[in-house]
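**Student:** Residues per chain are reported as follows:
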Amino acid sequence: AQSVTQPDIHITVSEGASLELRCNYSYGATPYLFWYVQSPGQGLQLLLKYFSGDTLVQGIKGFEAEFKRSQSSFNLRKPSVHWSDAAEYFCAVGALSNYGGSQGNLIFGKGTKLSVKP
Amino acid sequence: DGGITQSPKYLFRKEGQNVTLSCEQNLNHDAMYWYRQDPGQGLRLIYYSQIVNDFQKGDIAEGYSVSREKKESFPLTVTSAQKNPTAFYLCASSTGRDSHQPQHFGDGTRLSIL
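Read top to bottom, the protein sequences are chains U and Z.
Counting from 1, one number per residue, gives the positions in the first sequence under this note's numbering.
Counting from 1, one number per residue, gives the positions in the second sequence under this note's numbering.
Treat each hint with caution, since some may be false.
Claimed, not checked - Straight line, CA to CA, 27 angstroms or less: simulated DSS-like cross-link-like pairs of lysine-lysine:
1. Z/57 with Z/70
2. U/110 with Z/70
3. Z/14 with Z/57
4. Z/57 with U/110
5. Z/83 with Z/57
6. U/49 with U/61
7. Z/83 with U/49
8. Z/14 with Z/71
9. Z/9 with U/113
10. U/117 with U/61
11. U/49 with Z/14
12. U/110 with Z/9
13. U/110 with U/49
I should point out that these hints are in silico values taken from the structure, not numbers from a laboratory.
For clarity, every value in this text was computed on a predicted model and none was experimentally measured.
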C-alpha cells in the first residue's frame, strides 16, 4: 500500500539556521510528490511539487526539495529559516488506483511541526 | 479572487444531530475532496468527487455523506452515526482526476460536540 512517512513530529531551529524536513514514501511507480504548509487554524498552501525531470525542485518562500529515488525520499530544505516559517509541514504523494492508474487524491504524511527560536 | 470558501468556520453539534459543512469553489475545478484532520494524524480522506453527480468513498467515509449536484459545491454532512466527529475538516479542489494536479484548500471548519 502507498504511504508517506515524516519521521520528525516536531523540529525546533534557530532563526537564520538551515532547515531540512524529511519525507519518505512507499510507491510502486514514479511518484507525484508535494509539500504543503499549514499555519494554525488555516488550510494548506502548496510549497512545491515534483512530477518528473530535474530532481531538485524550487518552490515558494525560498524552499526547495530534492527527489532521491534510491532512498524513496523527498526532503524539504531551506538555507535560512525566518520566524514566519513556523508552521506545520505536510508531505504528500499522488494516489494510485488498484489498477495502477491515477486516482486523483493525495496521501498525506502526518506532518512535521516547525518551531523557530529567535 | 478565485478560491475555496468553507463555512462556517466553527460549528457545534448536539448528540444525535446531523450537521452540514459547506464548501464552494469558483476555480472551475472538476475534482473536489473532503479531509478530516486530527492532531498528529495528518489528513485523512473522507470523500472525493471527480465530476458532477459522482463521488467516491475515501478511507474514513463511515458516518459521513456528500452530494455533488453542482460543479462549484460539495457539501459534507456529518451524521449522528459518526461517533467521534470533533475534528478540523478541510475541503480541497483540483483541476482534474490526475494525481499530479495540486490541490487547493479552503480554510477549514472546526467541528465540536456540545
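**Student:** Please go over all the hints and tell whether each is borne out by the structure.
**Tutor:** Verification of the hints:
1. Z/57 with Z/70: Given that 27 angstroms is the threshold and the Cα spacing comes to 18 angstroms, the pair holds.
2. U/110 with Z/70: Distance of about 32 angstroms is beyond 27 angstroms: violated.
3. Z/14 with Z/57: Between residue 14 of chain Z and residue 57 of chain Z the Cα gap is close to 25 angstroms, so the pair holds against 27 angstroms.
4. Z/57 with U/110: 21 angstroms, holds
5. Z/83 with Z/57: 18 angstroms, holds
6. U/49 with U/61: The hint holds at about 14 angstroms.
7. Z/83 with U/49: 36 angstroms, violated
8. Z/14 with Z/71: Violated, because 31 angstroms separates the two Cα atoms, which is more than 27 angstroms.
9. Z/9 with U/113: 23 angstroms, holds
10. U/117 with U/61: 19 angstroms, holds
11. U/49 with Z/14: Between residue 49 of chain U and residue 14 of chain Z the Cα gap is close to 41 angstroms, so the pair fails against 27 angstroms, i.e. violated.
12. U/110 with Z/9: 23 angstroms, holds
13. U/110 with U/49: Roughly 18 angstroms separates the two Cα atoms, so the pair holds.
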